[in-house]
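Chains as they are written, first to last, in my numbering: chain A, 6 to 296; chain B, 6 to 296; chain C, 6 to 296; chain D, 6 to 296.
Where hints are given, some of them may not hold.
Repeated chains share a single entry, so a pair holds when one copy, or any two copies, can fit it.
DSS-like mimics (lysine-lysine), calculated; alpha carbons at most 25 Å apart, straight line [unchecked claim]:
#: 1; residue 1: K205; residue 2: K162
#: 2; residue 1: K205; residue 2: K161
#: 3; residue 1: K240; residue 2: K91
#: 4; residue 1: K130; residue 2: K161
#: 5; residue 1: K62; residue 2: K130
#: 6; residue 1: K227; residue 2: K62
#: 7; residue 1: K130; residue 2: K292
#: 8; residue 1: K227; residue 2: K92
#: 9; residue 1: K92; residue 2: K27
#: 10; residue 1: K292; residue 2: K240
#: 11; residue 1: K115; residue 2: K41
#: 12; residue 1: K162; residue 2: K198
#: 13; residue 1: K292; residue 2: K225
#: 14; residue 1: K225; residue 2: K41
Treat the hints as calculated values from the structure; they're not laboratory data. Keep in mind the model is a prediction, meaning the values are calculated, not measured.
Number of protein chains: 4
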Amino acid sequence: MKTIGFIGLGIMGNAMATNLQKAGYQLVVYNRTKEKASQLVAQGAELVDSPAMVAEKVNTLFTMLSTPEAVEETAWGPNGFAEILKKDALWVDCSTVNPSFSRHMSFMAKSHNLRFMDAPVAGSKAPAENAELIFLVGGSQVDLDEVRPMLEVMGKKILHMGDNGKGAALKMVFNYCLGMSMVAFSEAISLGKSLGLDEKRIVDIISGSPVMAPNVALKKDKILNSEYSPEFPLKWLHKDMHLATLTGYQQNVPLPAGNVVKELYQMAKAGGHGNDDFSAIFGFMQKLSGQ
Amino acid sequence: MKTIGFIGLGIMGNAMATNLQKAGYQLVVYNRTKEKASQLVAQGAELVDSPAMVAEKVNTLFTMLSTPEAVEETAWGPNGFAEILKKDALWVDCSTVNPSFSRHMSFMAKSHNLRFMDAPVAGSKAPAENAELIFLVGGSQVDLDEVRPMLEVMGKKILHMGDNGKGAALKMVFNYCLGMSMVAFSEAISLGKSLGLDEKRIVDIISGSPVMAPNVALKKDKILNSEYSPEFPLKWLHKDMHLATLTGYQQNVPLPAGNVVKELYQMAKAGGHGNDDFSAIFGFMQKLSGQ
Amino acid sequence: MKTIGFIGLGIMGNAMATNLQKAGYQLVVYNRTKEKASQLVAQGAELVDSPAMVAEKVNTLFTMLSTPEAVEETAWGPNGFAEILKKDALWVDCSTVNPSFSRHMSFMAKSHNLRFMDAPVAGSKAPAENAELIFLVGGSQVDLDEVRPMLEVMGKKILHMGDNGKGAALKMVFNYCLGMSMVAFSEAISLGKSLGLDEKRIVDIISGSPVMAPNVALKKDKILNSEYSPEFPLKWLHKDMHLATLTGYQQNVPLPAGNVVKELYQMAKAGGHGNDDFSAIFGFMQKLSGQ
Amino acid sequence: MKTIGFIGLGIMGNAMATNLQKAGYQLVVYNRTKEKASQLVAQGAELVDSPAMVAEKVNTLFTMLSTPEAVEETAWGPNGFAEILKKDALWVDCSTVNPSFSRHMSFMAKSHNLRFMDAPVAGSKAPAENAELIFLVGGSQVDLDEVRPMLEVMGKKILHMGDNGKGAALKMVFNYCLGMSMVAFSEAISLGKSLGLDEKRIVDIISGSPVMAPNVALKKDKILNSEYSPEFPLKWLHKDMHLATLTGYQQNVPLPAGNVVKELYQMAKAGGHGNDDFSAIFGFMQKLSGQ
Chain A
6 MKTIGFIGLG IMGNAMATNL QKAGYQLVVY NRTKEKASQL VAQGAELVDS PAMVAEKVNT
66 LFTMLSTPEA VEETAWGPNG FAEILKKDAL WVDCSTVNPS FSRHMSFMAK SHNLRFMDAP
126 VAGSKAPAEN AELIFLVGGS QVDLDEVRPM LEVMGKKILH MGDNGKGAAL KMVFNYCLGM
186 SMVAFSEAIS LGKSLGLDEK RIVDIISGSP VMAPNVALKK DKILNSEYSP EFPLKWLHKD
246 MHLATLTGYQ QNVPLPAGNV VKELYQMAKA GGHGNDDFSA IFGFMQKLSG Q
Chain B
6 MKTIGFIGLG IMGNAMATNL QKAGYQLVVY NRTKEKASQL VAQGAELVDS PAMVAEKVNT
66 LFTMLSTPEA VEETAWGPNG FAEILKKDAL WVDCSTVNPS FSRHMSFMAK SHNLRFMDAP
126 VAGSKAPAEN AELIFLVGGS QVDLDEVRPM LEVMGKKILH MGDNGKGAAL KMVFNYCLGM
186 SMVAFSEAIS LGKSLGLDEK RIVDIISGSP VMAPNVALKK DKILNSEYSP EFPLKWLHKD
246 MHLATLTGYQ QNVPLPAGNV VKELYQMAKA GGHGNDDFSA IFGFMQKLSG Q
Chain C
6 MKTIGFIGLG IMGNAMATNL QKAGYQLVVY NRTKEKASQL VAQGAELVDS PAMVAEKVNT
66 LFTMLSTPEA VEETAWGPNG FAEILKKDAL WVDCSTVNPS FSRHMSFMAK SHNLRFMDAP
126 VAGSKAPAEN AELIFLVGGS QVDLDEVRPM LEVMGKKILH MGDNGKGAAL KMVFNYCLGM
186 SMVAFSEAIS LGKSLGLDEK RIVDIISGSP VMAPNVALKK DKILNSEYSP EFPLKWLHKD
246 MHLATLTGYQ QNVPLPAGNV VKELYQMAKA GGHGNDDFSA IFGFMQKLSG Q
Chain D
6 MKTIGFIGLG IMGNAMATNL QKAGYQLVVY NRTKEKASQL VAQGAELVDS PAMVAEKVNT
66 LFTMLSTPEA VEETAWGPNG FAEILKKDAL WVDCSTVNPS FSRHMSFMAK SHNLRFMDAP
126 VAGSKAPAEN AELIFLVGGS QVDLDEVRPM LEVMGKKILH MGDNGKGAAL KMVFNYCLGM
186 SMVAFSEAIS LGKSLGLDEK RIVDIISGSP VMAPNVALKK DKILNSEYSP EFPLKWLHKD
246 MHLATLTGYQ QNVPLPAGNV VKELYQMAKA GGHGNDDFSA IFGFMQKLSG Q
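Using the sequences and the hints given, assemble the complete structure.
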């Protein structure tokens, strides 16, 4: 079966690559911290020393990195893959980046005779492990058809939103909503607790109610136990809120509520919660209330 | 069957009183605008000229009014019901008010030898008509047991949250979440549209996704058709956000995001949308973006 | 010379009453905490046990209290002065309250055949001691002419803004600007410090520059020494921001920036800085930045 | 006398170059819109066709451009000056840019054997014309001594803040304060007017008071006449607020109030006021209030 490159083996990337491997794909992988590849290697993946060395061996390359800066460095920096990939190879970037960056990557790729697809995912650790991600795709129909079998072993749904950048755009909208919902929940519960309502009871009632995003309920145990081990680190959600408001600036769209919410994550990050799960904003805001 | 008083026959009150009537209760009703009682009267309700005249005829009185000021005036103002109700009568206030006001009403009622229950509802027009409201109750177990049969013909669920004021507290938390969600949605969709995503498609995707409060989906048609006839008028949601932030002040709880969201509804209200459905904040914010 | 009543002997009230006394007026004073009157008593003031007892002895009464609730209680509560004052007596309220409250006090006073004037002051401790306050007056020209000699021994300037409530209105506008300026300063300096600029130098440059309210410079020493003993306690400035935003709600005026600034003072207050000088918001926000 | 290059002849650049010319310096100038150079040319300046052509003729080059993007393009883009300037030439960038960009320019310049100084100015049109600017300088003492005579014919004061980027840092702090002050003023006056205070009178009182930045008073006539011809266009102040909040993100500093204020300028810009003077935020916010 086909050999695929996979760069970026964090929580998400590891789970996604594992599903590709289980489906029979042969993987060539790279990660800055090599230890994270150990399980994949044990199952037969080839671990190489640089993004460029991945590029030498594949015609289809997935990246799953944490920031636009990391994507740029990995693609175009020293020992980057972009100048090594063969003509007409397909680079599928699953990283959560801003749409203007994604369009820039597309432009750069095309000017180097590469094909590009933005395919960030909705879903965090568990859906990644269970192949239940939703792919939000920007790119051509032909390219999508080519990688569809691979996406289908990692996810349960593919939303093709249009040309390059539109997958990244929808992902940004998703994470924007997620960031807003968790802050709305945090403030609402602080308010309720201050009025004598039982914390566990209102966390249950509100998180299961139609006025709250269902995804918030996934964090109930973390919240009630004040146990914020990272599934989706706060610093990355903060970065996403930052990129969304940056995009608002570029597109001339006012986002007053989102900008304030972004600053609340900023406070939590400056307060030392950047590596906690993003639901730690709940605990941080309770503390701000003296609760 | 028992005779019940019902004061406040707006969109919600009318639907609730109608369900009591259908279940066989005899109603004595009052509304400032008498025309709104016509259907109830046609079905056998007695319409009287003042809150006080309702009070003369019943031992159980429901109120469903739009603001704390309206509740206070109806209860304690000229021709108010509170000084006329018989000793030990039970006043059930279903209005959405702030908890400190509700506790104040409770205090006043008790000092006049009346029983009081705060029982605001979750749910808007359709759930009210279909007897699918959720009652959020603050009051004694005994009083709740007494009116349970009545609540059950108007709603599908009763959440007893504790003593007086705690029903009002939970209702405030609910509407806070609702107000936040609709603004989060409005900003997110503005952002997505500005990036070239198709409006109808992302309204569908986001409103049905786990990062958005399900209740937002109820407003999809209004949003896509820019048709904002009121189910829950924006001015009342704005009032609820105001009362929530006022409560934040009283309880020493910072609500930075909620205060900004409140001001967005304030802008929409100052811009002439107070009597539109609260989902008109969507259209207002699109306009702010020049979309 | 004339006998004058003075109720409320905090930092400001004490200094103001002292100036009246120095000018030869005979004072009858009341304060909840009696010790605060000791200096005035030593100089000849008569200290009595209740607001009502002040009212028995004077036809001109000044109040300088910290909140609308305190004014209401002192005037109309048990042993309040309002029902005791002689017909046509003049009550001059120097407290910082919201305009709608001030108009309500005016209405109440007139319905009890009293005259009312709102005369809050611009200026804090030092201007109060040096008789350099600015009186912001709402009331009739005749009443103002009557008390002008007294105001002139306490202040250096009188701004007659119109009828009752308009003095309170201008005071609210002043404190709004003050609250906003101190937060703007705090954020600006945090930003500058994070970029390696020397704290003392930029505090000097910015506080003395035409882009910053001159009053901020009065707090330079406190800020540079992190010494926040109260001249104007943070909790009262927070109250003023709260009353201003409440007024925004009543008057249908959006105040998005002010509402966020209010919440920053709220955070500082919930964080234990309510009794510090309001410039403690500077230290609080540095801490939020991890500086 | 020495020949100096000057690129960027907008409102500010034109006034600054004119003062250099008056002092006897021979100028070689470039501007994208050539017409703006006509007065300088009439007085003896040489107008050339590209930044590169300026670079061929001078060893000291001033730039006064509107955005980081414009600076980057002019220096390093096609026909840019940076690769043409002689070794050891001194580039003085007076543009208002973010500090990280300024440090990046410094890095790029040094790696091309050029000297760099960031020297943005405090002051707008009138101070520029009257040689009353304040230069905020980041760079070496030696370089500053070299250009001091030139800066002194354009300004009245030089603040040397440290090495490259620190002049830009202070400028950002200045404009941040300016942007905050104008919004604070706008909200405060809206509030006052809604309470019946006379607009002209409170604009006078507040803008001249110690709770408001003195620079706001410079805009009094514009505000009272609703005449917003640009001295400092709103879109550039909005850009500065954007760069400041972007810097907050980079430096891990929460700026909750500034982010909301930024969004208010964003609304005004999306509403068509980008090319008006930034004080048009006043008129925009009055309109938001329905005033």
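K292 and K240: within-copy, between-copy, both or neither at 25 Å Cα: Close inside one copy (19 Å) and across copies (19 Å); limit 25 Å.
Within, between, both or neither, where K62 and K130 count as close if Cα-Cα is 25 Å or less: Neither way: K62 and K130 sit 28 Å apart in one copy and 60 Å across, limit 25 Å.
Within, between, both or neither, where K92 and K27 count as close if Cα-Cα is 25 Å or less: Close neither inside one copy (28 Å) nor across copies (59 Å); limit 25 Å.
Identical-chain pair category, K227 with K92, by Cα at 25 Å: For K227 and K92, neither the intra-copy (47 Å) nor the inter-copy (49 Å) Cα distance is at most 25 Å.
Alpha-carbon proximity context of K115 and K41, limit 25 Å: Cα proximity of K115 and K41: none, with 31 Å in one copy and 39 Å across.
Intra- versus inter-subunit Cα pairing at 25 Å for K205 with K162: between (34 Å within a copy, 19 Å between copies)
Homomeric proximity label, K162 with K198: Cα distance no greater than 25 Å: between (39 Å within a copy, 22 Å between copies)
Within, between, both or neither, where K130 and K161 count as close if Cα-Cα is 25 Å or less: Close inside one copy (14 Å), not across copies (36 Å); limit 25 Å.
Intra- versus inter-subunit Cα pairing at 25 Å for K130 with K292: So K130 and K292 fail the 25 Å test inside a copy (27 Å) and across (33 Å) alike.
25 Å Cα threshold - placement of K225 relative to K292: Intra 18 Å, inter 29 Å, cutoff 25 Å: intra-copy only.
Intra/inter-copy verdict for K227 and K62 if alpha-carbon distance must be at most 25 Å: neither (42 Å within a copy, 53 Å between copies)
Identical-chain pair category, K240 with K91, by Cα at 25 Å: For K240 and K91, neither the intra-copy (35 Å) nor the inter-copy (44 Å) Cα distance is at most 25 Å.
Of the numbered hints stated above, those contradicted by the structure are hints 3, 5, 6, 7, 8, 9, 11, 14, listed in ascending order.
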